[in-house]
Amino acid sequence: MLIEMKDVWKTYPNGVMALNGIDTYIEKGEFVYVVGPSGAGKSTFIKCMYREEKPTKGSILIQGTDLAKLRERNIPKVRRKIGVVFQDFKLLPKLTVFENVAFALEVIEESPRTIRKRVNEVLDLVKLRDKAKSFPDELSGGEQQRVSIARSIVNRPPVVIADEPTGNLDPETAWGIMDILQEINDRGATVVMATHNKDIVNTRKKRVIAIEGGRIVRDEQKGEYGYEV
Amino acid sequence: MKSRTLKRHFRESFKSLGRNGWMSFASIAAVTVTLLLVGVFLVLLLNVNHLGSQIEGDVEIKAYIDQTTKTEQYNQIKADIEKIPNVQSVTFQSKEEGLKELIKSLGKEGGAYLSKQSENPLPDRYIVKTKTPQDTGSVASEIKKVTHINKVNYGQETVERLFKFTSVSRTIGIVLIIGLLFTAMFLISNTIKLTIVSRRKEIEIMKLVGATNGFIRWPFFIEGIFMGIIGSLIPILVVIFGYELIHDQLSKKLDSVFIQLLPVYPMVLELSLLLVVLGALIGIWGSMTSVRKFLKV
Chain A
1 MLIEMKDVWK
11 TYPNGVMALN
21 GIDTYIEKGE
31 FVYVVGPSGA
41 GKSTFIKCMY
51 REEKPTKGSI
61 LIQGTDLAKL
71 RERNIPKVRR
81 KIGVVFQDFK
91 LLPKLTVFEN
101 VAFALEVIEE
111 SPRTIRKRVN
121 EVLDLVKLRD
131 KAKSFPDELS
141 GGEQQRVSIA
151 RSIVNRPPVV
161 IADEPTGNLD
171 PETAWGIMDI
181 LQEINDRGAT
191 VVMATHNKDI
201 VNTRKKRVIA
211 IEGGRIVRDE
221 QKGEYGYEV
Chain B
1 MKSRTLKRHF
11 RESFKSLGRN
21 GWMSFASIAA
31 VTVTLLLVGV
41 FLVLLLNVNH
51 LGSQIEGDVE
61 IKAYIDQTTK
71 TEQYNQIKAD
81 IEKIPNVQSV
91 TFQSKEEGLK
101 ELIKSLGKEG
111 GAYLSKQSEN
121 PLPDRYIVKT
131 KTPQDTGSVA
141 SEIKKVTHIN
151 KVNYGQETVE
161 RLFKFTSVSR
171 TIGIVLIIGL
181 LFTAMFLISN
191 TIKLTIVSRR
201 KEIEIMKLVG
211 ATNGFIRWPF
221 FIEGIFMGII
231 GSLIPILVVI
241 FGYELIHDQL
251 SKKLDSVFIQ
261 LLPVYPMVLE
271 LSLLLVVLGA
281 LIGIWGSMTS
291 VRKFLKV
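In the order they appear, the protein sequences are chains A and B.
Numbered per my numbering, the first sequence spans residues 1 to 229.
Numbered per my numbering, the second sequence spans residues 1 to 297.
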């Protein structure tokens, strides 16, 4: 088992109860959609997985490491096993595409040779090799998201977590992003993706976890989106 | 840490210094102003101290021997005084020597007494030095109890006033310097905080891709040191050349009153070193306190 959540609760300091007893597990190599209305706890669920938020109660095991008990200084080690893709891309505007992707390897002190090799590999995968020297503001939204994905996978994490990766993109571009995530999944990485995109969920059938009111209300293999847009 | 990583940290910190030009300038200016004040205060303080210890070193107790005492008893008196705790040295001064000194100290007017040396009215005396100048009072009252000593003189009021003055000025100086240093630290930590806010996103992303806090801190650490060191340059130049100038101008005038300023070297060099170190420390402290807040992602 790759990710296991046991009785996870999260109450924010302002009193909002975002998660109210989550129990689930995700196997190695799965592709999982996380759906649910806004404010249902999807984002908190995702954030707990890469330890941006710490659960108030319960345990979250990733490859046997409990994120709830993780000590502050060991967080970086866990983050290196998890690639995160954001809705707003979170690229550094003053760095080129190549540098943005290389950044993830620089911080773990890889050698320049390895960095060059791996960055070029992932840029090939997301089909942005020819834009390596461009700056983020010279790219379209879809291209920026592909850079963000490239950065998330460049250090070969076993898990890729995407928080509404297609949220800011037009439908056609969104499909392009899905193709890349599918490719990453086919190469063996586990992908967990929070989304509002009904078309994608209903067309590319995968496991669907639906969260409402901080609880899992539905968990189906080859599930449906199940909400009206 | 790998050397290429250290190289990266240096590169990053220089880039940031340049990129946040005005902020860096403000921080450096804050260090400069503070260290300038600290430097000037330290020069003053060190000189007051020097002056104080010069005068303190001159403090001596004159113990006058009763004129009826026989010369054979003198050794006993000396031994008695030497037994008193905190006494450093006891020197005999005969009445002839005493008179010569008196005449010398009177200058031209003293010439009148030269002819009357045979009628010397002065008693023989012991000159006593204490181990620490602050013990002068208590030692003097002990000496008074020794037999055949009929009078003790050490310029009580002057000495006590002097001690008070030097200790008060030392305390005030130290308090002022500490206050100044704290002001500088807050100024710097605030300006650096502003530069970090603009780099918040960068730090956040670094953390999300698994950078350790140490890795993130390094460039800020180096940046802080650099700002501190650059900020200390002007104060150092001012201290060295300023003091050299003042020393040249003043020391001639002060010679006539037997007061000496601290020599320019090695004092200004030691002070420069201190200012560089202080600058670097202020810089490090400022940048570290402000970066800490943003590391909790």
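Treat the hints with care, as some may be off.
Below, computed lysine-lysine pairings styled on DSBU-like, alpha-carbon distance capped at 30 Å [what the hints assert, rightly or not]:
id: 1; chain 1: A; residue 1: Lys28; chain 2: A; residue 2: Lys133
id: 2; chain 1: A; residue 1: Lys127; chain 2: B; residue 2: Lys83
id: 3; chain 1: B; residue 1: Lys293; chain 2: A; residue 2: Lys117
id: 4; chain 1: B; residue 1: Lys7; chain 2: A; residue 2: Lys133
id: 5; chain 1: A; residue 1: Lys133; chain 2: B; residue 2: Lys293
id: 6; chain 1: A; residue 1: Lys57; chain 2: A; residue 2: Lys69
id: 7; chain 1: A; residue 1: Lys54; chain 2: B; residue 2: Lys83
id: 8; chain 1: A; residue 1: Lys57; chain 2: A; residue 2: Lys94
id: 9; chain 1: B; residue 1: Lys83; chain 2: A; residue 2: Lys81
id: 10; chain 1: A; residue 1: Lys47; chain 2: B; residue 2: Lys201
id: 11; chain 1: B; residue 1: Lys83; chain 2: B; residue 2: Lys164
Simulated from the structure, these hints should not be mistaken for lab results.
Exercise. Could you work out which earlier hints the structure fails to respect and list their numbers in ascending sequence?
Key: 1, 2, 3, 5, 7, 8, 9
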